[in-house]
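Chains L and P supply the protein sequences, listed in that same order. The first sequence begins at 1 in this note's numbering and counts up by one. The second sequence begins at 1 in this note's numbering and counts up by one.
If you're looking for bench data, these hints aren't it; they were derived computationally from the structure. Incorrect hints may have been included.
Pairs of lysine to aspartate or glutamate, EDC-like flavour, derived with a Cα cap of 16 Å [stated by the list, open to error]:
hint	chain 1	residue 1	chain 2	residue 2
1	L	Lys206	L	Glu97
2	L	Lys180	P	Glu77
3	L	Lys277	P	Asp11
4	L	Lys277	P	Glu10
Partner residues aside, some chain P positions facing chain L, computed with beta carbon under 7 Å [stated by the list, open to error]:
hint	residue
5	Val7
6	Val9
7	Tyr15
8	Lys44
9	Ala45
10	Val63
11	Gly65
12	Ile67
13	Gly70
14	Thr71
15	Ile75
16	Tyr86
17	Arg88
18	Phe95
19	Lys96
20	Phe97
Every residue, glycine too, gets a C-beta built ideally from N, C-alpha and C.
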Amino acid sequence: MIEEKFDAIVVGAGMAGNAAALTLAQRGLKVLQLERGEYSGSKNVQGAILYADMLEKLIPDFREDAPLERHLVEQRFWMMDDRSHTGLHYRSDDFNEEKPNRYTIIRAQFDKWFSQKVREAGATVLCETTVTELAQDAYGRVIGVRTDRADGEIHADVVVLAEGVNGLLGTRAHLRERPKPDKVALAVKEMHFLPRETIEARFNLKGDEGMVIEAAGTISRGMTGMGFIYANKECISLGIGCLVADFQRTGETPYGLLDRFKRHPSVAPLIEGSEVKEYAAHLIPEGGFKAIPQLYGEGWVVVGDAAQLNNAIHREGSNLAMTSGRIAAEAIFQVKSRKDPMTAENLALYKTMLDESFVIKDLKKYKDMPALMHTQSQNFFLTYPELVSRAMQNFLRVDGTPKVEKEKTTFKSFIKARSWSGLFGDAFRLARAWR
Amino acid sequence: MSIEPSVRVEDKLFYNRYLVDAGRAHIKVRPHTTPSPELLTMLKACPARCYELNDKGQVEITVDGCIECGTCRVICEGSGDIEWSYPRGGYGVLFKFG
Chain L
1 MIEEKFDAIV
11 VGAGMAGNAA
21 ALTLAQRGLK
31 VLQLERGEYS
41 GSKNVQGAIL
51 YADMLEKLIP
61 DFREDAPLER
71 HLVEQRFWMM
81 DDRSHTGLHY
91 RSDDFNEEKP
101 NRYTIIRAQF
111 DKWFSQKVRE
121 AGATVLCETT
131 VTELAQDAYG
141 RVIGVRTDRA
151 DGEIHADVVV
161 LAEGVNGLLG
171 TRAHLRERPK
181 PDKVALAVKE
191 MHFLPRETIE
201 ARFNLKGDEG
211 MVIEAAGTIS
221 RGMTGMGFIY
231 ANKECISLGI
241 GCLVADFQRT
251 GETPYGLLDR
261 FKRHPSVAPL
271 IEGSEVKEYA
281 AHLIPEGGFK
291 AIPQLYGEGW
301 VVVGDAAQLN
311 NAIHREGSNL
321 AMTSGRIAAE
331 AIFQVKSRKD
341 PMTAENLALY
351 KTMLDESFVI
361 KDLKKYKDMP
371 ALMHTQSQNF
381 FLTYPELVSR
391 AMQNFLRVDG
401 TPKVEKEKTT
411 FKSFIKARSW
421 SGLFGDAFRL
431 ARAWR
Chain P
1 MSIEPSVRVE
11 DKLFYNRYLV
21 DAGRAHIKVR
31 PHTTPSPELL
41 TMLKACPARC
51 YELNDKGQVE
61 ITVDGCIECG
71 TCRVICEGSG
81 DIEWSYPRGG
91 YGVLFKFG
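Please model the complete structure; the sequences and the hints are all you need to start from.
Now the structure itself:
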């Protein structure tokens, strides 16, 4: 056993764990961070988009040396059927600002940099160390962790569980349940390398400008899911994810889905001639507000993906992770400053503070969206995209048919596919869940 | 099932870096005579195609190409079909980009 006792042990070095470890160390606490990868970032997978505001709260001058790819000036939403896409694009020169709001990043590189900041703040970071279980006393209070190293048990006043979406420790200690197949999505991703100029030409970008495409429709074969294409400096992150329960139900393969997405006529020209250098897969929490587990207890708090904190509608996860990690650390610091013990009663402060933040407020706003999207996946991801595509083509194709008749055809196709009550019902349910 | 070209997952895994912990598989399939529906699901749902049928119709796993996503844990751990742990520190997939 390592005799040294720490104020806090942080398990995991992703966005949430790094935010927590950094904040704790900045406040002067004695922190040990444990990471199973060979370095912080080597096990972490994300699209990835970085949200500047949440990082600024931790490292105000991060733009000076963080490995950022491109700042986003354009977002494209695509509704796809098998041969077409209907797009909503937003591009603004306002995003070419002195301190841009969103960036694409490459997680393995970004997290390595983030981890360096954690070390500089004074935390001890131990990599290549897998935490195997939580150490608990006779009353079930968490008093530390056990690792796969020989002198495995290490003690601390509080353990911050930042172990990711597939965190084992909390489940093994019965602090929370294993994620259910209908509450997590499986996403697969490839990194496609191309010369910088080619990427800029294909996506209409200049210098370090970036753009992202979020795509939904028949690409997910009737499952609840989305595809994405993010422009980095010299590569494109391209992937697709669907609910695990839907993979289970349909027997679709994740790589088959990815391959079909890549061969779509709207996508293939964007990655033509690229060299693939990595294939990754990762789970994404999709259950929203209703899937959030118990967030704190005797001697522990849980943050980030491990707490299922992900906004599936806005595709935001890493900022919720960073914010929850920071807030948990601030709560721990306050308890510590009062010289109070790290009991559940005192650590409840973390939840109180998180409830007041955008993290829980946003998730609460969309609390009914996951259920709606998951139960109506056929309509939202198959029927409507096909209807919209046909309507657009009917609108644009000039063939001598009077416009009145064209409109009638489009109108009838919607009624036939979903019926009046179905259309109004979907609109009503969507509006109510969005509110 | 479909006429689309089959995707070779092995080729995709070839892009990745791994440090294989020989003899210490981090996922174990419970011995069985007939596989459960959950285990059969993994033949298709595993993104690294680690799960395969042997000639006796049993589901086997080879973890060398595992990308540690946890999908099989979500589907199969609850029924007791598999035991899932993380690889020892430093072992397993080593993402260059992530």
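These are the hints, each one checked on the structure:
1. L/Lys206 with L/Glu97: It holds: about 14 Å lies between the C-alpha atoms, which stays within 16 Å.
2. L/Lys180 with P/Glu77: holds (11 Å)
3. L/Lys277 with P/Asp11: Measuring from Cα to Cα gives roughly 11 Å; hence the hint holds.
4. L/Lys277 with P/Glu10: holds (14 Å)
5. Val7: holds (5 Å)
6. Val9: Result: holds, 5 Å to nearest chain L Cβ.
7. Tyr15: Holds, about 5 Å.
8. Lys44: Because about 5 Å separates P/Lys44 from the closest Cβ in chain L, which is inside the 7 Å limit, the hint holds.
9. Ala45: It holds, given that the least Cβ distance between P/Ala45 and chain L is near 5 Å, below 7 Å.
10. Val63: violated (14 Å)
11. Gly65: Hint on P/Gly65: violated, closest Cβ of chain L at ~10 Å, above 7 Å.
12. Ile67: At about 5 Å, which falls below the 7 Å cut-off, the nearest Cβ of chain L leaves the hint on P/Ile67 intact, so it holds.
13. Gly70: Because about 3 Å separates P/Gly70 from the closest Cβ in chain L, which is inside the 7 Å limit, the hint holds.
14. Thr71: Check passed: Cβ of P/Thr71 comes within 5 Å of chain L, closer than 7 Å.
15. Ile75: holds (6 Å)
16. Tyr86: holds (5 Å)
17. Arg88: holds (5 Å)
18. Phe95: holds (5 Å)
19. Lys96: holds (6 Å)
20. Phe97: holds (5 Å)
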